[in-house]
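With chain A fixed as given, assemble chain E onto it according to the hints.
There are 2 protein chains.
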Amino acid sequence: MPVHFNKVTIIGVGLIGGSLAKVLKAKNLASSITGAGRSRETLELALRLGVIDHMGQGPVHAVENADLVVLASPVGTFESVVREIGPHLKKGAILTDVGSVKGELVRRIEALLPAGVHFVPGHPIAGKEKFGVSEATEMLFQGAKCILTPTKNTDAAALKAVTEVWTAAGANVLVMDPELHDKIFAAVSHMPHIAAFAMMCAIAELNTGTEDYMNFSGAGFKDFTRIAASSPEIWRDICLMNRENVVQMLDRYLFSLNRFKRELVTDDGKRLEKHLKIASDARRGLG
Amino acid sequence: MPVHFNKVTIIGVGLIGGSLAKVLKAKNLASSITGAGRSRETLELALRLGVIDHMGQGPVHAVENADLVVLASPVGTFESVVREIGPHLKKGAILTDVGSVKGELVRRIEALLPAGVHFVPGHPIAGKEKFGVSEATEMLFQGAKCILTPTKNTDAAALKAVTEVWTAAGANVLVMDPELHDKIFAAVSHMPHIAAFAMMCAIAELNTGTEDYMNFSGAGFKDFTRIAASSPEIWRDICLMNRENVVQMLDRYLFSLNRFKRELVTDDGKRLEKHLKIASDARRGLG
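Chains as they are written, first to last, in numbering that gives the first Met the number 0: chain A, 0 to 286; chain E, 0 to 286.
Any given hint might turn out to be false.
Since copy identity is lost for identical chains, a pair holds within one copy or between any two.
[What the hints assert, rightly or not] Cut-off 30 angstroms, straight-line C-alpha distance, at most; resulting in silico cross-link-like pairs (DSSO-like, lysine-lysine):
{"id": "1", "residue 1": "Lys273", "residue 2": "Lys129"}
{"id": "2", "residue 1": "Lys260", "residue 2": "Lys182"}
{"id": "3", "residue 1": "Lys129", "residue 2": "Lys144"}
{"id": "4", "residue 1": "Lys260", "residue 2": "Lys221"}
{"id": "5", "residue 1": "Lys260", "residue 2": "Lys276"}
{"id": "6", "residue 1": "Lys90", "residue 2": "Lys26"}
{"id": "7", "residue 1": "Lys276", "residue 2": "Lys221"}
{"id": "8", "residue 1": "Lys144", "residue 2": "Lys26"}
{"id": "9", "residue 1": "Lys159", "residue 2": "Lys24"}
{"id": "10", "residue 1": "Lys89", "residue 2": "Lys159"}
{"id": "11", "residue 1": "Lys276", "residue 2": "Lys129"}
{"id": "12", "residue 1": "Lys273", "residue 2": "Lys221"}
{"id": "13", "residue 1": "Lys129", "residue 2": "Lys269"}
{"id": "14", "residue 1": "Lys221", "residue 2": "Lys182"}
{"id": "15", "residue 1": "Lys151", "residue 2": "Lys89"}
{"id": "16", "residue 1": "Lys129", "residue 2": "Lys260"}
{"id": "17", "residue 1": "Lys89", "residue 2": "Lys26"}
{"id": "18", "residue 1": "Lys269", "residue 2": "Lys182"}
{"id": "19", "residue 1": "Lys182", "residue 2": "Lys159"}
{"id": "20", "residue 1": "Lys151", "residue 2": "Lys182"}
Everything labelled a hint here was simulated from the structure, so no lab data went into it.
Same shape as in the complex, but just chain A (with noise of 0.2 angstroms):
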């Protein structure tokens, strides 16, 4: 029998929130679906869109009786929403996020937890450059990966409804080490951007001409940047909740480019090829 909860409850009420109650409700895996987060506003408008069926009255009373409970607001609020919310959650409810952190974080949610509850930590790749529930589809998560991170901790059968409500989204489900998810996620998201962010900031910071030079940016230069669009909130909580790694990478970062400036600077044009074909090679095999 396919996977269905009476009453889910969403925290954060965004893309991924509204996308996730729009596949709960197209593929019937909800009796009901209840909204909550820090704007009213939002949620009117969610609940008028017909994403969400209610809207709580602040997060515990929200969650009171749900059978699923999704944090689907930014990965710096977990940790306070769980403290309010845990000793409101029913025995037997399942307790799943969709945040871009994982490692310590889930560590810590687990850790304030009630027995009874189960958490099944997840990460869906998915995005848009807008947000909001207005950009919410049902496709959103369509093709994409989603990451779950059990631990030891982890109840199976959780694991299971949560595991088939992503298949249902149509992502490719996969099972990550919390730690790992880090380290990758500093690598090939983290990081990079902090470096478009720097980008901005170094051209912004431009003392004189600033809006002139703008003006001669490319193709190239707008796809370099696209990311640096992003929330400035939701990545300074992810960037923090994970700085170990991300700094671990920015280090990384560094090296690769005082490399190619000492480069320059020493007019050393065989190794500046050579490291930018290095670049190049593996550029092009991602595609």
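Structure of chain E alone, referenced to chain A:
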């Protein structure tokens, strides 16, 4: 009367040179087009594709009697090519280029030319991820900027003729000081390319599990590093020829990255968010 050339010679019949040749033909701006370049195969392909009408036996032979000569090979080759063809250019011939570096290079080329040959330095801001003559299209420059960087020595009639060619190609022609050009493109193109190449090096040189890591790179990472797939040889030359400006911009970028690193290491969420917001606002303003 619209500009018309009896014989045009294009040195380096790749994406840019080939596309310009196609424009010249499509707009009937040239009676015949001769190609020259290092690779006989490329020239034969260009001939077969009808992009050029003739192929020269080396550049000296190719420029004989040409009214317009276009340098479209990698910028690193310009000086030696001009040294070779200079004495053989016909009196009154126009020499132009499509190089991404101006400044110093423009002065050096001017110094190599005999009296009576008119140099008009140019830089069309166009390109694609793919290169080579088989990718050439007369639409490449449609709506693109083309920067011309005349000096006090530039002949006014020659400047006008080259302007007409690029206008016919559909480009918006802008006139700019060669030194300013190099500062601007160090900021919005050359240094960002180094940054993308360095990112790919940092990831490619991760000693363990590199392939696994790459499997998790999303659309953001691919956008961010797309320009790192560019030709190592071409970018070696561009960066070395504009190295003072590139190193200056690299230093600004390193400053910005190190500031983010310090904010992460000291867990300074307030400053971190402030700088992320400067970047995010600047990027959103870019569209």
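- Query: Is it within, between, both, or neither for Lys276 and Lys129, if the alpha carbons may be no more than 30 angstroms apart?
  - Reply: So Lys276 and Lys129 pass the 30 angstroms test across copies only (16 angstroms; inside, 34 angstroms).
- 30 angstroms Cα cut-off: does Lys89 pair with Lys159 within a copy, between copies, both or neither? Classified as within; 19 angstroms inside a copy, 79 angstroms across copies.
- Message: If the cut is 30 angstroms between Cα atoms, do Lys129 and Lys260 qualify within a copy, between copies, both or neither?
- Response: between (35 angstroms within a copy, 27 angstroms between copies)
- Give the relationship of Lys269 and Lys182 under a CA distance limit of 30 angstroms: within one copy only, between copies only, both, or neither. This pair counts as between: shortest inter-copy Cα distance 24 angstroms, intra-copy 32 angstroms.
- Query: From the Cα coordinates, with 30 angstroms as the cut-off, is the pair Lys273 and Lys221 best called within, between, both, or neither?
  - Reply: both (26 angstroms within a copy, 22 angstroms between copies)
- Query: At most 30 angstroms between C-alpha atoms: does Lys260 with Lys182 qualify within a copy, between copies, both, or neither?
  - Reply: both (27 angstroms within a copy, 17 angstroms between copies)
- Item | Within, between, both or neither, where Lys260 and Lys276 count as close if Cα-Cα is 30 angstroms or less | both (16 angstroms within a copy, 27 angstroms between copies)
- With 30 angstroms as the alpha-carbon cut-off, assign the pair Lys129 and Lys144 to within, between, both or neither. both (19 angstroms within a copy, 28 angstroms between copies)
- Query: Between Lys89 and Lys26, at a C-alpha cutoff of 30 angstroms, which is it: within one copy, between copies, both, or neither?
  - Reply: within (24 angstroms within a copy, 75 angstroms between copies)
- At most 30 angstroms between C-alpha atoms: does Lys273 with Lys129 qualify within a copy, between copies, both, or neither? For Lys273 and Lys129, only the inter-copy Cα distance (21 angstroms) is at most 30 angstroms; the intra-copy one is 38 angstroms.
- Task: Can you give me the call for Lys129 and Lys269, within, between, both or neither, at a CA distance of at most 30 angstroms?
- Result: between (42 angstroms within a copy, 24 angstroms between copies)
- Under a CA distance limit of 30 angstroms, which applies to Lys276 and Lys221: within one copy, between copies, both, or neither? both (23 angstroms within a copy, 17 angstroms between copies)
Hint check: no violations occur; every hint is consistent with the structure.
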